[in-house]
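J.: Residue-level listing of the chains:
4 protein chains.
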Amino acid sequence: MNFGFDDTTAELRARLLTFMDECVIPAEHAYEEQAAVSGWSPPPLIEDLKAEARKRGLWNLFLPGAEGAGLTNLQYAPLAEIMGRSPSIAATATNCAAPDTGNMELLAQFGSEWQRKEYLEPLLNGEIRSAFAMTEPDVASSDATNISTSIVRDGDEYVVNGRKWFITGAMNPNCKILIVMGKTDPEAPSHRQQSMILVPRGTPGLTIKRGMKVFGYDDATHGGHAEVVFEDVRVPADHLIGEEGGGFAIAQARLGPGRIHHCMRLIGAAERAVELMCRRALSRTTFGKTIAQQGVVQDWIAESRVRIEQLRLLVLKTAWLMDTVGNRGAHTEIQAIKIATPAAVEWILDKAIQVHGAGGLSQDFPLAGAWAGVRSLRFADGPDEVHKRSLAYRELKKYMD
Amino acid sequence: MNFGFDDTTAELRARLLTFMDECVIPAEHAYEEQAAVSGWSPPPLIEDLKAEARKRGLWNLFLPGAEGAGLTNLQYAPLAEIMGRSPSIAATATNCAAPDTGNMELLAQFGSEWQRKEYLEPLLNGEIRSAFAMTEPDVASSDATNISTSIVRDGDEYVVNGRKWFITGAMNPNCKILIVMGKTDPEAPSHRQQSMILVPRGTPGLTIKRGMKVFGYDDATHGGHAEVVFEDVRVPADHLIGEEGGGFAIAQARLGPGRIHHCMRLIGAAERAVELMCRRALSRTTFGKTIAQQGVVQDWIAESRVRIEQLRLLVLKTAWLMDTVGNRGAHTEIQAIKIATPAAVEWILDKAIQVHGAGGLSQDFPLAGAWAGVRSLRFADGPDEVHKRSLAYRELKKYMD
Amino acid sequence: MNFGFDDTTAELRARLLTFMDECVIPAEHAYEEQAAVSGWSPPPLIEDLKAEARKRGLWNLFLPGAEGAGLTNLQYAPLAEIMGRSPSIAATATNCAAPDTGNMELLAQFGSEWQRKEYLEPLLNGEIRSAFAMTEPDVASSDATNISTSIVRDGDEYVVNGRKWFITGAMNPNCKILIVMGKTDPEAPSHRQQSMILVPRGTPGLTIKRGMKVFGYDDATHGGHAEVVFEDVRVPADHLIGEEGGGFAIAQARLGPGRIHHCMRLIGAAERAVELMCRRALSRTTFGKTIAQQGVVQDWIAESRVRIEQLRLLVLKTAWLMDTVGNRGAHTEIQAIKIATPAAVEWILDKAIQVHGAGGLSQDFPLAGAWAGVRSLRFADGPDEVHKRSLAYRELKKYMD
Amino acid sequence: MNFGFDDTTAELRARLLTFMDECVIPAEHAYEEQAAVSGWSPPPLIEDLKAEARKRGLWNLFLPGAEGAGLTNLQYAPLAEIMGRSPSIAATATNCAAPDTGNMELLAQFGSEWQRKEYLEPLLNGEIRSAFAMTEPDVASSDATNISTSIVRDGDEYVVNGRKWFITGAMNPNCKILIVMGKTDPEAPSHRQQSMILVPRGTPGLTIKRGMKVFGYDDATHGGHAEVVFEDVRVPADHLIGEEGGGFAIAQARLGPGRIHHCMRLIGAAERAVELMCRRALSRTTFGKTIAQQGVVQDWIAESRVRIEQLRLLVLKTAWLMDTVGNRGAHTEIQAIKIATPAAVEWILDKAIQVHGAGGLSQDFPLAGAWAGVRSLRFADGPDEVHKRSLAYRELKKYMD
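Protein chains in written order, with full-length UniProt numbering: chain W, 1 to 401; chain F, 1 to 401; chain Z, 1 to 401; chain P, 1 to 401.
Check before you lean on any hint, since a few could be wrong.
Below are the BS3-like pairs computed for lysine-lysine, each with C-alpha atoms no more than 30 Å apart in a straight line [as the list claims (entries may be wrong)]: (1) P:117 - P:176; (2) Z:50 - Z:176; (3) Z:289 - W:289; (4) W:213 - W:50; (5) Z:209 - Z:176; (6) F:55 - F:209; (7) P:397 - Z:289; (8) F:397 - Z:289; (9) P:289 - Z:397; (10) F:398 - Z:289; (11) W:289 - F:176.
Ranges of calculated distance between the beta carbons of each label pair, as one might list FRET restraints [as the list claims (entries may be wrong)]: (12) P:289 - W:190: 47 to 55 Å; (13) P:57 - W:146: 51 to 59 Å; (14) P:289 - Z:203: 52 to 60 Å; (15) F:328 - Z:113: 53 to 61 Å; (16) Z:401 - W:28: 51 to 59 Å; (17) F:18 - Z:138: 55 to 63 Å; (18) Z:401 - W:145: 23 to 31 Å; (19) Z:138 - P:57: 40 to 48 Å; (20) P:55 - Z:290: 48 to 56 Å; (21) P:36 - W:325: 58 to 66 Å; (22) W:290 - Z:290: 48 to 56 Å; (23) F:329 - W:138: 50 to 58 Å; (24) P:36 - Z:200: 28 to 36 Å; (25) F:393 - P:249: 49 to 57 Å.
To be clear, the hints were calculated from the coordinates, so they are not data collected in a lab.
Fair warning: this is a prediction, and the values are worked out from it, not measured in the lab.
Glycine residues also receive a C-beta, built at the ideal position from the N, C-alpha and C atoms.
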């Protein structure tokens, strides 16, 4: 057992930290200003940062294998944490932003040669963006068997009908391709009914209807969270990813690394919140004491530190398990980090906000926005409660005869 | 001891419930549609509702004495709860919306004849709106001695300089008057330094700078939360409310009833959230069961009910104490409801959101917006932590020799 | 609505407080010393206190009607709170101790003339003690249909077989009678299977086997918590209470007032804990400050006060509902106080212990013992979780068509 | 970074698990029976187990260096967890029980040759037991400068006067030596006032006065928690450990490894609690479902697993830091595990108790006793609140100029 970073990770951490200090953090203010007028597109300065990151060898770090940076999950995880300190900018600048990351992994692993050339390549080059269309407004989508969008074979084409929402990134005009989950065979066994298919933006019948808000945020810099309607949308049969009935298995495979990324970025956000909380507490005085001298605030700071240290180790161990025994062997841990991380980071952000007074709620600090993002992750890939139930069942099974 | 409503309250509750059912709830959808295009002004339909409410004798219910409906705090409190089910519309329609309510109380109690005629009357008639400018961006405003806005006598005028923010309602063009807290004498004993003064919108040097957001919301239907700058703003000396040095005492007097109103409206919001949570839980199915059959969801519903019942009684008792022994005798309870209510209602709204899935975060349900409002109340009149410390000190004092 | 005490209550409160100050609190030390050598019997000094309480008109206060003090639930509740400050002594001294209270109510309401003469009279006179035998070690007894003790008619007798545990009071040699719940007809509809029967101590086949501990406490001053075995125990048929199949209904009727008593006593214990916490915090110094000056401790004190105030009101309203609309109309509230009170008081006691340092865990303060008692109430009449589920079901039912 | 066990650890874990299965768990029942009659001495069967453990090479595993098993903290930690499944027996049988462990480390590191020969040797051989006398009843002992016991040089002797309590192990007649913390120079700088001295049991003036209870438990199998009085207790000057004024530094050095041991044993206890909770939940049925099918119980099980996984990693990392950068470099983590572990394990044990119903509170299951032990650790080496404050201060210091 060894808790130190290996040389590759240490070197990349240093390089990424330098990039953050030199390029990302200094760009935050201008980014917000551009965002105020850039509509559903990302602020233009992001393109320069992408070029710079690529030049510095900080590109596609998330992607294992020859197509990416070739890092293990355990090596990438500490880098994702660093990006989490300024997640809107850093992840996009390094081409490590969701949902493209999961979509690139998926295409690298399951895409046909044609699909990889047409969509994976420009994604790897940061030329286009993509979306992943799973959640539906009309059913509890945490149960994949509820999914009602249909994908029906008709000659050389598939016809897609259905309604999806909270499709992150799809409001961005540069989002060129949607990966859509639907049912090809409602009569098959429950985990063989679903398939995934590529639907290019602009296909007739596809309507990007509106941006869903998360609390009051439209998250336009990430391309928002779209409601999308599919009305007799026809795509050639070669747009199906993998085989018919393979959708559920592909969705499962897509989950693991994404959880690591999300959780590590949240930990980075939590670290930044603790820093902001400390600085603010030291700088404000009430009733003759700095806020930092208030016992309750000290309690929050200590609790935050204690929780972050535990979370980070669990996420790193999960990454190590995925690298050494695979997603299946890391099943409990992958669920555990999904349960533990958003809840803890939400608590930390709440306390950081409280230390900032009313300003903490506003656009003048990154805390309320980060909070809304974390809160929404308590639903990502199904609400926490579904994951807890499944984890408990596995624990109980050890003692069933 | 008796936990039943008196006849006046019972009659008004019935009348108000009818108004909610017949006029308010049916208007919610159109209100949102108008809000999308009405900028910082309230949706126009509110004027019809105001006329209707007034016709039905549901007007200025919050205000004791001859100028208002003449109700006690204990009689008004259950009405505020009912308004809380649709707070944006119902409180405004009945001319019972903050911050006007506190401002009208203040003017009724401390205003000169001239001030009452000029500002209280149109407020009582619902013709204009008002704001209360206390919180400052540069200091921890929960400690009133920190306030740095200056109000300096210069001949027949006062000159106001300073910066305020989170001034609710001040973005609304119909907000005609601001009540501003500042220091007239920084050398006086700490609670005699502050005064309150009326500053009409449009006075030279007064800039309504921008709307502060709360978790992404601009709250434009309430007139937003403005940042306001005072640069050598001159008003005639008769605009001072009460006497020089009386600002702290007036602020204290203003607090009690407002807390009752806020807390009861939050309880109304919580009741609506429980209703939405139950209806949703009954209507969605995952893994072969309705969400209502999930034990964890049942636990949330039960906890919500248990917490609401306790909160309501504490707020009602506080109202009764204010009516019978006055604000000073109800000091502990007034702080207790401020500590307990937002925390509990925030928890209930969070669970209602969770039951709604991602939709609960969005503009399609009133839950996320209500949550942001409740969260911001953990800062109103000072953060919870300040109130807890003060309450604890009073408890400890019982045992000091 | 009115939150003041009526005259009867106010007078009895004053009288009882005097008794506490003059007789109960001063006896606590000697009580503990006698308890150390009195085995399963109560400390002898309790008999003098009983005589004194009776002389002062503080006797059977819990019992409505002519046989008792004739108080309503709402009138008795504040008296139970006062007793809760020193519950072992005060409740017994005034003949208001569980389980006798519930048993007396039960016999007053459902006992035959013979049963009342033989057992209710000496109980009312404080001459004997009694026990209530419901919980069984081998089944989840919160589901009454699980009860496996059998009561079988055989000619003029009933024959009882089964095993019970946590039968409070039964280790006390002066506990002369057990009220036993068992099944007379396992084939009847589920709520008509059970009956209750009187089993005198000393009946052949009845073995009082051992005292169950609660944490490390044997609770000998209350007569412990016995495991009791019934092996072909025969009692005359007239020992059945009410009718065959009436056991479940009698058990339900017994619940309401007992909940009020328990919860109010817990609130009294919580008030005493807050007092001890404050006094201790003021008297100890670490790192140059009293513990009372620590922000975290102030937070605990404030939270304790806020929770107590809410709980008390809910319990009092529940008592009022029982008096005005009966147990059935107060169903939600009766469950709510059972859910809320032990949880909150447990939290308060935990904090009071923490302020006392290691001593708080020990026999030198009443806190750890009180904590264990409260913790055990999270199981009384079924675990909290069962009550929450049932309460949630009632809430959901409002919205089912 | 690597989360696997090294070969030494893996081999010792296997060997210890075998010993647990073959010797410790099967002895639990007899151990409890002997404990009921063995007074303040440990149950006699422990001597056989000690011999067996020694034979199996499972002896003094906690002690680094040649005198012990030579393991690092990181290697020993997983073994302590295994012992924690049956802590009373396993730690004592392997001569790895507190407070001897800390005392042996202390003597190995700071003891003179004479002290090591006289006391360390028989301790290493498991022939005698020892105690560590720090906490005092009259002061808040978490602040070491409060300690009031005096150690005064008088010719060739030191004279000790003072009162200590919660001196674990000192009721055991086989506890032959006490290490006592007191002040040799109240005028010295605050961290140079204290010294440690050896006081043999039986020295005139030393009175082992009584056993303090912890939630009703006397913990007699560990030798209880004594109150000890020192009245002019004289010991030769060579009984001083290290130098005069070195007491604080020695106490600090003693802390680190002990924290690892305690925390890992608690994690072992938590694992056993989860196992018991699952088994019970699967075996009991209410209202037509097993308790394991209740959503709330599943939530507890999942939360328990999630918390345990995080805690364990943090404790292991702390051990690794102690091994690689020393106690000082691990300061934050050593405090973090002390804050996080007892709180989380207490929660888990509470839930396991709740699943067991009333039986969970009693002597029939190991849960309530374990709970009391964990609760008392929230005070060990100072209450959590002191550690949080100190940790927060270190965090804040990063941002102070």
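J.: Between residue 397 of chain P and residue 289 of chain Z, does the CA-CA distance stay at or below 30 Å?
T.: Status holds; Cα separation ~21 Å.
J.: Is the straight-line distance between the alpha-carbon of residue 289 of chain Z and that of residue 289 of chain W 30 Å or less?
T.: Within the cut-off at roughly 15 Å; holds.
J.: Just tell me: holds or violated, for the beta carbon distance of residue 401 of chain Z and residue 28 of chain W against 51 to 59 Å?
T.: holds, 53 Å
J.: Given the hint that residue 397 of chain F pairs with residue 289 of chain Z, test it: the Cα-Cα distance must not exceed 30 Å.
T.: holds, 16 Å
J.: Holds or violated: are the alpha carbons of residue 213 of chain W and residue 50 of chain W at most 30 Å from each other?
T.: With a Cα-Cα distance of about 27 Å, the restraint between residue 213 of chain W and residue 50 of chain W holds, given a limit of 30 Å.
J.: Using the beta carbons of residue 329 of chain F and residue 138 of chain W, state whether their distance is inside 50 to 58 Å or not.
T.: holds, 54 Å
J.: For residue 290 of chain W and residue 290 of chain Z, compare the CB-CB distance with the range 48 to 56 Å and indicate the outcome.
T.: violated, 20 Å
J.: Within 30 Å, alpha carbon to alpha carbon, are residue 289 of chain W and residue 176 of chain F?
T.: violated, 38 Å
J.: Is it true that residue 18 of chain F and residue 138 of chain Z lie within 55 to 63 Å of each other by Cβ?
T.: holds, 56 Å
J.: I want to verify a distance hint. Is the separation of the beta carbons of residue 55 of chain P and residue 290 of chain Z within 48 to 56 Å?
T.: About 55 Å separates the Cβ atoms of residue 55 of chain P and residue 290 of chain Z, which means 48 to 56 Å holds.
J.: Can you let me know if the beta-carbon spacing of residue 57 of chain P and residue 146 of chain W is within 51 to 59 Å?
T.: holds, 57 Å
J.: Taking the beta carbons of residue 401 of chain Z and residue 145 of chain W, is their distance inside 23 to 31 Å?
T.: holds, 26 Å
Comparing the model with each earlier hint shows violations of hints 6, 11, 12, 14, 21, 22 and 25; every other hint is respected.
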